[in-house]
Amino acid sequence: MTSAWEATKALATGFATTFKHLFRKPITEQYPEYKRPLPVRGRARIILTRDPDGGERCVACYLCSAVCPVSCISMQSAQREDGRRHASWFRINFARCIYCGFCEEACPTSAIQLTPFFETCERDILKLVYEKQDLLVDHSGKDHEYNFYKYAGVATGVGGKGEHFREDEPVNLKSNLP
Amino acid sequence: MLTWTAGIIILIVKLGIVLVVVLLMAAYLVWVERKFLARLQIRYGPNRAGKFGLLQPIADTIKMLTKEDTVPEGADRLIFLLAPAVVAVTALLMFAVVPFGRDITLWGRKIPLVITDLNIGLLFVFALSSLGVYGVALGGWASNSKYSLLGGIRGAAQMISYELSLGLSLVPIVMLARSFSLVDIVQAQEKVPFILLQPVAFGIFVISAMAESKRIPFDLPEAENELVAGYHTEYSGIRFGLYFLGEYVHMQVLAALVAVLFLGGWRGPLLPPPVWLFIKILLVALIMIWIRGTLPRLRYDQLMALGWKVLIPIALLNILVTGAVLLL
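Quick mapping for you: the protein sequence lines, in order, are chains A and B.
Start counting the first sequence at 1; every next residue gets the next number (the numbering used here).
Start counting the second sequence at 1001; every next residue gets the next number (the numbering used here).
Treat each hint with caution, since some may be false.
DSSO-like mimics (lysine-lysine), calculated; alpha carbons at most 27 Å apart, straight line [what the hints assert, rightly or not]:
id : chain 1 : residue 1 : chain 2 : residue 2
1  : B       : K1051     : A       : K25
2  : A       : K132      : A       : K142
3  : A       : K35       : A       : K25
4  : A       : K132      : A       : K150
5  : B       : K1014     : B       : K1110
6  : B       : K1067     : A       : K127
7  : A       : K142      : A       : K35
8  : B       : K1051     : A       : K35
9  : B       : K1191     : B       : K1110
10 : A       : K20       : B       : K1051
11 : B       : K1146     : B       : K1067
12 : A       : K150      : A       : K161
13 : B       : K1051     : B       : K1063
14 : B       : K1309     : A       : K9
15 : B       : K1051     : B       : K1067
16 : B       : K1063     : A       : K127
17 : A       : K20       : A       : K9
18 : A       : K161      : A       : K174
Have a look at the derived ranges for each label pair, beta carbon to beta carbon [to be verified]:
id : chain 1 : residue 1 : chain 2 : residue 2 : range
19 : A       : P39       : B       : L1019     : 48 to 58 Å
20 : A       : A10       : B       : L1320     : 28 to 38 Å
21 : A       : P39       : B       : D1301     : 44 to 54 Å
22 : B       : K1309     : A       : E119      : 49 to 59 Å
23 : B       : D1069     : A       : P116      : 35 to 45 Å
24 : A       : D124      : B       : S1236     : 17 to 27 Å
25 : B       : K1067     : A       : K20       : 33 to 43 Å
26 : A       : P116      : B       : N1144     : 39 to 49 Å
27 : B       : L1081     : A       : I98       : 44 to 54 Å
28 : A       : V129      : B       : S1236     : 22 to 32 Å
Because the hints were derived from the structure by calculation, they are not lab data.
Yeah, the Cβ is synthetic: ideal placement off N, Cα and C, and Gly gets one too.
Chain A with its partners taken away, still in its complex shape:
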């Protein structure tokens, strides 16, 4: 008998709870009308940044392409006249991208970066394949100061041999023989 009473009481409590919820204001955030402030380090749409001097950062090393778990990044490396390497074409398939951020971690030149912008939805799936001109932006993203070629030790327009940051003068191999 007590168990029957307790069961009835439990049922009544349940129904009362749901009934009370009926008069509460819904907690849903109505998305297109209300956009919640995004975390500044949110990971979404990928960009290719430029160094502070305006040159392309990407040196087409293929590390992002290799680390990508869903293989959505592809490119072709090439070299410019002044010795800078770059991607002759660079393609990200956002229909496959899972926004894991591994590409950003792998990138040695801070070229590839994830931004919090996520509203990339399209009706045609092929429009989600972004080419290099869609990815390339004209700012340096999160890493403002960094210019890979200032450290690289490769002779380019940024600096010749021995002119890079913390780089010694080139040694004449013929002169320091024992």
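Starting from the structure of chain A, add chain B where the hints point.
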């Protein structure tokens, strides 16, 4: 000859009106359920298609009609294609005996506001309700998928079990009204609605009706977190839509039966009779949705125990007591 033709025309007009109203109500019952359930769970529910999401049922229908109609490999093609229709048709046919108003006189002709006043109306309802089991069981079997099969088996077992208590709970009503005809049962409630005379039968009927229409907490045939979607896992497009429609029409019919058998049918002050019936159906449906929003799904053995060990004995006892009271 003329009267015969006029009779046919009136019948077809009545059929058309009832069919359209029932289908529209089924579509908007989905909207009501989604909206009301959402508020119970402090959400908004559909609110994008039209004002308050009122065009949502139309959008859903268009979506289902334009989706690909797939038949899985290894399915029993003919049965697979026909099974959804069984569910929808049996549910729709049940509305034929539900009275929605007192007789009206138009152009000197008496028109009863019921499609057909069968003198075994209640038995007709039970027969169709039993036939509805075929749609579930055959659909589950013909899909050639283990989830569908399990859902179909559960559906068959559950619906057959609860059909017993559903039928037995109404025997006292028939004893009180001295008729199987739903029109006569509504007549018999002129003074007192049967819910006051037969509260136990009302409780058993509502519980069994929810089990018959496979709604939470009795939705074991569908049980999405263990059986994907149960007997309609493999269905897509409009065939899934037919199952869906059948389920909501069934819910509506059972709500209408609750209204007719216990709440006095179309009887009520001031408003016209069909409006009263509509209000009562909606009220029962809202209570069903409230129950859905509150209770968790029963375990399979609990379901069977509730049906066989609780509801059927109480229903039998209720018949005995009613009979004794009527005799005295």
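* Asked: So which hints don't hold here, by number, going up?
  -> 27
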